[in-house]
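S.K.: Sequence:
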Amino acid sequence: MATTIPGRNSWPTRMQAGERRFATRLDEKLEDDYLVWVSVNIGPRRREADVVVLHPQRGLLVLEVKDWKPDTLHRIDRTSAELLTERGLVTTLNPVLQARQYMLELQTVLERDPALRQPEGHRWAGKLRVPMGHGVALTGITRAQFDEMELEHVIPPHMAICRDEMLESTDAEAFQERLWAMFPIQFREPLTLPQIDRIRWHLFPEIRVTSPTQGDIFADDQLAQEQPVAIPDLVRVMDLQQEQLARSLGDGHRVIHGVAGSGKTMILGYRCLHLARSLHKPILVLCYNRTLAARLAQLIDARGLQAQVSVRTFHAWCGDMLRTYAVRGPKRPPNPDDAYFAAQVQAVIDGVEAKAIPRGQYGAVLIDEGHDFEPDWLHLVAQMVDPETNSLLVLYDDAQSIYASPKRRKFSFASVGIQAKGRTTVLRLNYRNTQEILAAARAFAGDLLDGGDGDEDSPHVIPPESAGRRGPEPEVIDCDSVRHEAEVVASRIRDALDDGENPDRMAVLYRNRWTHGREIEKQLARLRVPYRCATGKDKGALFDGPPSVKLVTLHSSKGLEFETVYLMGLDQPLPPDADPAAEARLLYVGMTRAMGRLVMTRTHHPPVATVEPAA
Numbered sequence: 001m002a003t004t005i006p007g008r009n010s011w012p013t014r015m016q017a018g019e020r021r022f023a024t025r026l027d028e029k030l031e032d033d034y035l036v037w038v039s040v041n042i043g044p045r046r047r048e049a050d051v052v053v054l055h056p057q058r059g060l061l062v063l064e065v066k067d068w069k070p071d072t073l074h075r076i077d078r079t080s081a082e083l084l085t086e087r088g089l090v091t092t093l094n095p096v097l098q099a100r101q102y103m104l105e106l107q108t109v110l111e112r113d114p115a116l117r118q119p120e121g122h123r124w125a126g127k128l129r130v131p132m133g134h135g136v137a138l139t140g141i142t143r144a145q146f147d148e149m150e151l152e153h154v155i156p157p158h159m160a161i162c163r164d165e166m167l168e169s170t171d172a173e174a175f176q177e178r179l180w181a182m183f184p185i186q187f188r189e190p191l192t193l194p195q196i197d198r199i200r201w202h203l204f205p206e207i208r209v210t211s212p213t214q215g216d217i218f219a220d221d222q223l224a225q226e227q228p229v230a231i232p233d234l235v236r237v238m239d240l241q242q243e244q245l246a247r248s249l250g251d252g253h254r255v256i257h258g259v260a261g262s263g264k265t266m267i268l269g270y271r272c273l274h275l276a277r278s279l280h281k282p283i284l285v286l287c288y289n290r291t292l293a294a295r296l297a298q299l300i301d302a303r304g305l306q307a308q309v310s311v312r313t314f315h316a317w318c319g320d321m322l323r324t325y326a327v328r329g330p331k332r333p334p335n336p337d338d339a340y341f342a343a344q345v346q347a348v349i350d351g352v353e354a355k356a357i358p359r360g361q362y363g364a365v366l367i368d369e370g371h372d373f374e375p376d377w378l379h380l381v382a383q384m385v386d387p388e389t390n391s392l393l394v395l396y397d398d399a400q401s402i403y404a405s406p407k408r409r410k411f412s413f414a415s416v417g418i419q420a421k422g423r424t425t426v427l428r429l430n431y432r433n434t435q436e437i438l439a440a441a442r443a444f445a446g447d448l449l450d451g452g453d454g455d456e457d458s459p460h461v462i463p464p465e466s467a468g469r470r471g472p473e474p475e476v477i478d479c480d481s482v483r484h485e486a487e488v489v490a491s492r493i494r495d496a497l498d499d500g501e502n503p504d505r506m507a508v509l510y511r512n513r514w515t516h517g518r519e520i521e522k523q524l525a526r527l528r529v530p531y532r533c534a535t536g537k538d539k540g541a542l543f544d545g546p547p548s549v550k551l552v553t554l555h556s557s558k559g560l561e562f563e564t565v566y567l568m569g570l571d572q573p574l575p576p577d578a579d580p581a582a583e584a585r586l587l588y589v590g591m592t593r594a595m596g597r598l599v600m601t602r603t604h605h606p607p608v609a610t611v612e613p614a615a
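When you line the sequence shown up against UniProt numbering, it's residues 1 to 615, in that order.
Everything labelled a hint here was simulated from the structure, so no lab data went into it. It is possible that some hints are incorrect.
Distance windows between CB atoms, simulated [as the list claims (entries may be wrong)]:
id, residue 1, residue 2, range
1, Q118, D164, 35 to 45 Å
2, P463, A144, 48 to 58 Å
3, E28, A343, 51 to 61 Å
4, P463, P333, 37 to 47 Å
5, P546, A354, 23 to 33 Å
6, A144, R359, 52 to 62 Å
7, N502, A181, 48 to 58 Å
With a straight-line cut-off of 35 Å between C-alpha atoms, the simulated DSBU-like cross-links for lysine-lysine are [said to hold, decoys possible]:
id, residue 1, residue 2
8, K331, K355
9, K127, K281
10, K281, K331
11, K410, K355
12, K281, K355
13, K410, K331
14, K410, K281
15, K421, K355
16, K421, K410
Idealized CB from N, CA, C, for every residue including glycine.
Construct all of the structure, not just a fragment, from the sequences and the given hints.
M.R.: Put into structure tokens, the structure is as follows:
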């Protein structure tokens, strides 16, 4: 069975019966190494192609699917066709010509990439190493009718697959041979996985992962602006499961359980852009973490979507609701505490129940880091989705739940109004971290990541699996004092900058800003290292301005990623009331922010001397 994107249950409702039947045959009759895209936008001009098929040995095939019948095809020549419709005669392009135009456009794009051209010394040196073909699927015309209508004069017979050649009973090999005949040439060397990723990078700009340091995760259709785009030596794209999931997110409530580094936020970004193009009501993106919310808001603003998409922390959104609808809330103290925020949330809940705050305000609601939301918060937010669109997406990873109370009751998603049974997905592969970093983080977290009892309707821990990327072993450096930790880290960073490292790719994480945070600031300033802190209301400016090393508390680091992470205070004593499991999760979150290199420091405290009482 082929990998079909989007999945069969998410094909557009506007697909005609014949189109759906042909796509089903592709899904069933092609083997596992075929990739099939159905009704997707392709190439620089974002044209909607009916079907694109990619096979490592065969190449790339663009297909136009026509649900024409003999009595509706009034006239056809090599360039155009006239159809009898309820609106009268309608003129359209000959589908072979249409498919050829799409194919040539893609061929031009792919030929610009040196990595996709045949190497010097090859008999086809400089030519595209991807065989390309195009053709037509005639879902309402049999081969006998094709011959009777003498369509061979305007549609080459080998470039058409007809209705009786795509039956459920059709032999799979015979079906595939019809497709193979549409390729004018075949090469002996199969495409490699990196080459296939490069093809996908060019075909679908929206699946690109454009920055390894929390950059523009929402890359969409820059090519549509017909501006030249630099082709990187190493391309990064969503993997096939991520792409299939992102394109298959239809209406209804959805929950994605994803481990750290599995691409949850990237999928949220893709979904956000898609919804912004199709919905008229505003879209709400909620986070708990202020740093992550501010970063997502910056990226939304950069795309010019701020008028359609609002990115807020949950508590900031609650404040918005109270002010917008003039609902009385608690008086804000100079230093708000948990009691104030709890009263603020309750005031919003009460306002919704009293109908002072309307339900169904948003065309879609997307929740990142949903594991940090209390059940009552999720129930409140679920009511904000417009019933007509019913579009709610919750991203969840219980292993990263660092804010929730240890006494939080167990709950099901259905109990809080999230109806996602049958629409729940699990992402187990961690792509962010090297195998070495993930192994260290898992070893440290211990049985917290072993997984727990739960089903698709209940929050539960998903054990992460490595995607196999390799790198240096994490380092643990023993120091004499907090100041010594800061000196070591600052010196390492200074050396890396002198070697040409980009400061934006580095972060220093710590538990407490008043100890390690203050000290690392002093040492970086002493060595003239540019840095920015995620503190207070300034968290949104962490990525503003010239390149700089980022100083972030462990709590504020959720959702962020950096090539190199320095984690200070590995053995910092816990507060008396600390929950050891929550603290282990916190360090797990910090460790998994590192994409390539993780350096941790700790201070060995000398034993406390005891004095024997006098006899």
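S.K.: With reference to the structure, classify each hint as holding or not holding.
M.R.: Verification of the supplied hints:
no. : hint                       : verdict
1   : Q118 with D164: 35 to 45 Å : holds (39 Å)
2   : P463 with A144: 48 to 58 Å : holds (57 Å)
3   : E28 with A343: 51 to 61 Å  : holds (57 Å)
4   : P463 with P333: 37 to 47 Å : holds (42 Å)
5   : P546 with A354: 23 to 33 Å : violated (50 Å)
6   : A144 with R359: 52 to 62 Å : holds (58 Å)
7   : N502 with A181: 48 to 58 Å : holds (50 Å)
8   : K331 with K355             : holds (22 Å)
9   : K127 with K281             : violated (48 Å)
10  : K281 with K331             : holds (31 Å)
11  : K410 with K355             : holds (28 Å)
12  : K281 with K355             : holds (20 Å)
13  : K410 with K331             : holds (31 Å)
14  : K410 with K281             : holds (33 Å)
15  : K421 with K355             : holds (29 Å)
16  : K421 with K410             : holds (17 Å)
In the structure shown, a violation is registered for the earlier hints numbered 5, 9, in ascending order.
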